[in-house]
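Please put together the full structure from these sequences, using the hints given.
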Amino acid sequence: MTQAQVLARSGRLPDALARAHEIVTASEALDYPPVRAEALLLRSKLELHLPDQTGEEVDRLTRAISAGFEARVDAIAAEALALRIYALARQPDQVARALADEPLALALADRSPTPAALRGLVLNNIGTAYLARQEPAQARRYFTEALAVREVALGSEDLEVAYALVNLALASEPGPERERLLARAVAIFELALGPAHPETIEGRLAAAHLADFAAGPGLLRPGCAALDRFLPGDVVGRARCLLYLGRLALELGDDDEAELAFVAGAALVDDVRAGPRLTDHEAAALVGYAALGTGAHEAAIRRIEAALGQLPEAWWSRADAAELRSILGHNLLAAGRPEEARGNFVTAVADYAGLVDSEPRLGAALARTRRGLVEAWVALDLARTPEARASLAASLGFYRSAGPSFARQLARTERFVAQTGTPTAIGP
Numbered sequence: 000m001t002q003a004q005v006l007a008r009s010g011r012l013p014d015a016l017a018r019a020h021e022i023v024t025a026s027e028a029l030d031y032p033p034v035r036a037e038a039l040l041l042r043s044k045l046e047l048h049l050p051d052q053t054g055e056e057v058d059r060l061t062r063a064i065s066a067g068f069e070a071r072v073d074a075i076a077a078e079a080l081a082l083r084i085y086a087l088a089r090q091p092d093q094v095a096r097a098l099a100d101e102p103l104a105l106a107l108a109d110r111s112p113t114p115a116a117l118r119g120l121v122l123n124n125i126g127t128a129y130l131a132r133q134e135p136a137q138a139r140r141y142f143t144e145a146l147a148v149r150e151v152a153l154g155s156e157d158l159e160v161a162y163a164l165v166n167l168a169l170a171s172e173p174g175p176e177r178e179r180l181l182a183r184a185v186a187i188f189e190l191a192l193g194p195a196h197p198e199t200i201e202g203r204l205a206a207a208h209l210a211d212f213a214a215g216p217g218l219l220r221p222g223c224a225a226l227d228r229f230l231p232g233d234v235v236g237r238a239r240c241l242l243y244l245g246r247l248a249l250e251l252g253d254d255d256e257a258e259l260a261f262v263a264g265a266a267l268v269d270d271v272r273a274g275p276r277l278t279d280h281e282a283a284a285l286v287g288y289a290a291l292g293t294g295a296h297e298a299a300i301r302r303i304e305a306a307l308g309q310l311p312e313a314w315w316s317r318a319d320a321a322e323l324r325s326i327l328g329h330n331l332l333a334a335g336r337p338e339e340a341r342g343n344f345v346t347a348v349a350d351y352a353g354l355v356d357s358e359p360r361l362g363a364a365l366a367r368t369r370r371g372l373v374e375a376w377v378a379l380d381l382a383r384t385p386e387a388r389a390s391l392a393a394s395l396g397f398y399r400s401a402g403p404s405f406a407r408q409l410a411r412t413e414r415f416v417a418q419t420g421t422p423t424a425i426g427p
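In this text, residue positions in the sequence shown follow numbering that gives the first Met the number 0: the first is 0, and each later residue adds one.
One or more hints might be untrue.
Simulated DEER-style distance windows between Cβ atoms [what the hints assert, rightly or not]:
hint	residue 1	residue 2	range
1	L381	L49	44 to 52 Å
2	A417	A266	35 to 43 Å
3	A182	E69	39 to 47 Å
4	A191	V151	12 to 20 Å
5	P175	L381	43 to 51 Å
6	D269	A406	35 to 43 Å
7	R407	Q90	36 to 44 Å
8	A305	D254	21 to 29 Å
9	V151	R110	16 to 24 Å
10	E156	E413	45 to 53 Å
11	A410	L49	26 to 34 Å
12	A349	E413	21 to 29 Å
Keep in mind that the hints were calculated from the coordinates and are not lab data. From a predicted model like this one, the values you see are computed outputs, not experimental measurements. A virtual CB, placed ideally from N, CA and C, is assigned to each residue, including glycine.
As structure tokens, then:
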């Protein structure tokens, strides 16, 4: 068990999971309930770090809870129950079930040998459930309490404190306080795990997602470089870091950095090494973005269409679908298929517009996609239609109000306005 924990701590999650599966098998043969319960808990904890969840982790955590009670080890049952709250919260149709476990989880935590640490875990995971239910005020209350409990119980530099800091930032409004929380979390990850550890990279990805757009690339570049240097075999981590970096550069109008990141990331998509894989959405996005620089449009179109077919038709997939349809529209336009491009841009704009109130950062992607839609109308000789003018006006309005970080995108949109010959002023 110690070996599996060390492997996980060093960033070798696939190896740690393989060892954990062996440990569970060996513990079954021992027929000693406390060891079996601990082995089941260890495997379940490691599985929660996988990007894709199948639902089996909930069943396995339930087995760990039962095993803890059977072995009369309340601490194992308490931790497994706290972790099951988190696993349930990651499934949109199970959030209510996660919240219903709060009273029992807190009572079990208080009976354990380390009540404060387990109470912090329960509070943190209940906050995650409220965040999944889109109740940020409630989530913030739980994350704030979890952070305070963990700092006292574990110390201010513990990894569990870093997780609470990131979660509190997720539930907080944009501004200096959120930036402070994220900077502190990243510093803890780097101190405890090193710059290339997957958890450090995830912390940087979260910070880049929540921080001001202009600060994002500076947060990610060191992490991507550290992965390339210290963990070249972590192709998923490297590709995902490059995808995030490319997205930020793209929204800021830094085409050179975006293209370099996307092309480098796309080269990793089909790496055949064993271990975790990128999601279909991530792989298709990288290939599609890269094709806008390399010209491999038809292959990208096929890959994106296949990925779209795999996305569930649910609210939590709308942002992914909007991104893929926007990329697809740009590739179709570049491939000389403007009518198909227009249809995909229209759908992407509708999806982004429906999400932007709850996810304001999507405003940049919405503005860029609206401009892409107008490019399709221009190719169809429909640039002077009311729809085209309204879409371009909305895009220009966003970039004019978004601040100096988007100066390049504003200049590009203003040039496009001039090129399309729009007869009247279209922005404030």
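Now for the hints, and whether the structure bears them out:
Taking the beta carbon of each, L381 and L49 are about 46 Å apart, inside 44 to 52 Å as hinted. Taken as a hint, the range 35 to 43 Å holds for the pair A417 and A266, whose Cβ atoms sit roughly 37 Å apart. For the pair A182 and E69, the beta carbons lie near 44 Å from each other, so the given range of 39 to 47 Å is met. Checked against the given bound of 12 to 20 Å, the beta carbons of A191 and V151, roughly 18 Å apart, stay inside it.
A C-beta distance of roughly 45 Å is found between P175 and L381, which places it inside the suggested range of 43 to 51 Å. Separation of D269 from A406 is about 37 Å and conforms to the stated range, judged on CB atoms against 35 to 43 Å. Under the hint 36 to 44 Å, the C-beta atoms of R407 and Q90, about 40 Å apart, fit the expected range. In this structure, A305 and D254 meet the distance hint of 21 to 29 Å, their C-beta atoms being roughly 27 Å apart.
Between V151 and R110 the beta carbons are some 19 Å apart, a value that agrees with the proposed interval 16 to 24 Å. Restraint check, E156 to E413: a C-beta distance of roughly 48 Å satisfies the suggested window 45 to 53 Å. Between A410 and L49 the C-beta distance comes to about 43 Å, which lies outside the given range of 26 to 34 Å. Remark: the range hint 21 to 29 Å for A349 to E413 is upheld by a beta-carbon distance near 25 Å.
Against the hints set out earlier in the document, a violation occurs for number 11 only.
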